[in-house]
Amino acid sequence: MKIALLGYGKMGKVIEKIAVERGHEIVLKKSSESNFEGLENADVAIEFSIPSAAVYNISESLNKEIPVVSGTTGWLEHYHEIENLCLKNNTGFIYASNFSLGVNIFFELNDYLGKIMSKFNQYNVSMQEIHHTQKLDARSGTAISIANAIINNSKYESWTLENPKLNEIVIEAQRIENVPGTHSV
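Start counting the sequence shown at 1267; every next residue gets the next number (our numbering).
There may be inaccurate statements among the hints.
[Said to hold, decoys possible] Simulated restraints, written as ranges between beta carbons of each label pair: (1) Glu1343 with Gln1388: 30 to 38 Å; (2) Glu1291 with Ser1318: 23 to 31 Å; (3) Lys1354 with Asn1387: 42 to 50 Å; (4) Ile1382 with Lys1354: 17 to 25 Å.
[Claimed, not checked] No farther apart than 30 Å at their CA atoms in a straight line, the calculated lysine-lysine pairs in the DSBU-like style are these: (5) Lys1268 with Lys1283; (6) Lys1279 with Lys1268; (7) Lys1354 with Lys1330.
Derived by calculation from the structure, the hints in this document are not laboratory data.
Every residue gets a Cβ at the ideal spot worked out from N, C-alpha and C, and that includes glycine.
Using the sequences and the hints given, assemble the complete structure.
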């Protein structure tokens, strides 16, 4: 498979290593908005950039009818634009706030937690997340996905970073040097 890497930071380099080990070809390593040379040769674009570049990266790929897998968070207010581009260009798009199998199991557990907690109003949810200081979004996409899993099945209507109302889940977000992502509910 010919892969375009849109975002060539930590995750892009890990994806490159795994892809090459599995016999795939990297046709583009893009780390800036201006360079899409080679994109047209890709079978798929894998997008792990930054929120301010994600919509542009994804749009450029979809407009060239190249399917996209994206793990960039912090841009979802534009999701419907991307959805419309997929339909217009008959092109595929997969997004997840976290592709880790363990984290996706954690999402499901919190979905179930929301269902259980809806029967017990005397209990309240709070969340904490800790990430390394290079993490750009302070409430990660993973934390938002966890909160939404609980919200979809409970008395909660939204999440907040501070001063929660009765129907809000508070997400405490910390950034600490050299700490891997940790989420607590």
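Legend entry - Beta-carbon spacing of Glu1343 to Gln1388 - inside the hinted bounds 30 to 38 Å or not: holds (35 Å)
Legend entry - Pairwise hint evaluation, Lys1268 against Lys1279, where the allowed Cα distance is 30 Å at most: holds (16 Å)
Legend entry - Proposed proximity, Lys1330 with Lys1354 (alpha carbon, max 30 Å): holds (11 Å)
Inset, instruction - Could you see if the CB distance from Lys1354 to Asn1387 stays within 42 to 50 Å? - result: For Asn1387 against Lys1354, whose Cβ atoms are near 45 Å apart, the range 42 to 50 Å holds.
Inset, instruction - Check the following: the C-beta atoms of Glu1291 and Ser1318 are separated by a distance inside 23 to 31 Å. - result: holds (28 Å)
Legend entry - Hinted pair Lys1268 and Lys1283, Cα distance within 30 Å: holds (14 Å)
Legend entry - C-beta pair Ile1382, Lys1354: status relative to the range 17 to 25 Å that was hinted: Given a distance of about 42 Å, which is not inside 17 to 25 Å, the answer is violated.
In this structure, only the earlier hint numbered 4 is contradicted, and the remaining ones agree with it.
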